[in-house]
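**Student:** Here's the letter readout for the chains.
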Amino acid sequence: MLLAVPALLGYAYYLGMYAAPAEASMGDVQRIFYYHVPSAWTAFLCFFANFAASVAYLANRGKRADALAVAAAEVGVVFCSVVLVTGPLWARPVWGIWWTWDARLTSTLILWLIYVSYLLLRKVSTGGQTPVLAAALAVFGFLDVPIVYLSIRFFRTQHPQPVIAGGEGSGLDPMMAKALLVNWLAFLVFAGLVLALRYRLERLRQRVEESRALRAEELPVGSCGLEAQPAVSGRSA
Amino acid sequence: MSAVLQASPEHTMRVPRMSAVLWATLEKDLRLEWRSKDAINSMLFFALLVAVVFSFSFDPTAEESRRIAGGLIWVAFLFAAVVALNQAWARELRHRVLDAYRVSPAPANALFLAKALAGFLFVSVLEALVAPLFMVFYNLRPLGPVWELALVAPLGTWALVVNGTFFAAISLRTRSREVMLPLILFPVSIPALYAMVSATTAIFSGSAAPGYWIKLLGVYDVVFTTVCLLLFETVLNAE
Amino acid sequence: MIKFLYLAYAVTWLIHLAYLAVLGQGFKRVKEELRELEEKNR
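Residue numbers (the numbering used here), protein chains in the order written: chain F, 14 to 250; chain G, 3 to 241; chain X, 35 to 76.
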């Protein structure tokens, strides 16, 4: 099962690099798109998972929900970073600029900032109620996403129009579409694996926390304050 | 035994009404601030600093100044708002008032709204004082509908203050809380900031209609005020 | 121009491998802590 992941990724790489035809206007550089676009979709799915887990946590305070929330946020940030790095690496040779404030790149950057701030809050917050506070922030962050899209839709868009990059139907060569989808599947499965690992790590950390908390609460033998005081004896508590 | 346990009618606890708590808290905050002028002074200073520094670092033509002043003004107001927000809960913390609030039957949202309204008033006063200064420094003569600024300013300010008050409560239990507040506030506020800057620039330069941005600010305000009200009690009890 | 393509792929995997390494460290540490607690309980 574990081997399936690199195998799938390898196949996806082959498709993206060789099997798919070179793009008409950009040439081979366009192949970055097979990593860039699936990473973006995966990141977004992770952030949605973080939102769902945070809401679940606020509802029932389950530790598993909290573990999933932090794991999803971290993996999402990792994939989002990939998008933000591969984007400029694609833009530079094609349009001659590293960065532009176009709609998609900007909203991805904002998303990255929001979830990095979430992770920072988790790191820097003291006291046992961090999960609750972080979950609240996560709700704000995710609800911001549609508003970000509303505010940015009028940006000048340098991004390749859906014909090439969006995969939204029209004009995408079938071999390219296949390469894109296989890459997406491969990254999705990979993300699932990494997410599972991070989740397990968090659950282990929770166990350590619990053990520590329990030991801190243990009273030394003999000093239990719940013993009934004899009516007459002058024994002090 | 049962005689002792029965509550007598005149001693049953009445839950104070939301509006009563709200006005009482708001009035208390405003009064305390009026006496010390802590927040307003530091805010004013910050805003002034930004206005002056930006003013002599760029030397814009009339046309340019209309295009950049919107962004610069809101940067100044944003910094000032953060100063105000950072000490929004400081007084409560100092005197352990938050514990009293948690225990009292008063609705938590009343406390939140009072804090947010107080902050809103402070920042609005500051804006009223500093905006003319900007007009002077940049020799601004707005070409668009200036009255619409009266819509943009409160909507934009509320957007910053409502989330800021909430996040200030979240940052209370963090190391370096004064840094954490802007850190978690800014990313979430970016669309609102973009909207208020765009609206202001549109009004100054007269180039486009600010209507879309004003509506977007309205949507932002409604969405996030609702979320804040829904989640504040949870956050207050979590501290 | 094509070097950007290779660079992009390389950096992608660099980022992923770096994160996996961080996770690896995390696991090592947590296993140690669990072992310590086991021993204290004995």
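Derived by calculation from the structure, the hints in this document are not laboratory data. Cβ atoms here follow ideal geometry from the backbone N, Cα and C, with glycine treated the same way. There may be inaccurate statements among the hints.
[Said to hold, decoys possible] Simulated DEER-style distance windows between Cβ atoms:
{"id": "1", "chain 1": "X", "residue 1": "A52", "chain 2": "G", "residue 2": "V181", "range": "34 to 40 Å"}
{"id": "2", "chain 1": "G", "residue 1": "T236", "chain 2": "F", "residue 2": "T139", "range": "43 to 49 Å"}
{"id": "3", "chain 1": "G", "residue 1": "R96", "chain 2": "X", "residue 2": "V45", "range": "44 to 50 Å"}
[What the hints assert, rightly or not] Residues from chain F that face chain X, not an exhaustive set, calculated with beta carbons under 8 Å:
{"id": "4", "residue": "L97"}
{"id": "5", "residue": "W103"}
{"id": "6", "residue": "R105"}
{"id": "7", "residue": "L210"}
**Student:** With reference to the structure, classify each hint as holding or not holding.
**Tutor:** We went through each hint and held it up to the structure:
1. A52/X / V181/G: 34 to 40 Å: Since the Cβ atoms of A52/X and V181/G sit about 26 Å apart, the hinted range of 34 to 40 Å is violated.
2. T236/G / T139/F: 43 to 49 Å: violated (18 Å)
3. R96/G / V45/X: 44 to 50 Å: holds (49 Å)
4. L97: The hint is violated - L97/F has no Cβ within 8 Å of chain X, the shortest such distance being about 10 Å.
5. W103: W103/F check passes; min Cβ-Cβ to chain X is 7 Å, inside 8 Å.
6. R105: With a closest approach of 6 Å, the R105/F hint holds.
7. L210: Holds, because the Cβ-Cβ distance from L210/F to chain X comes to roughly 6 Å (cut-off 8 Å).
Hints 1, 2 and 4 from the list above are not met by this structure, while the remaining hints are.
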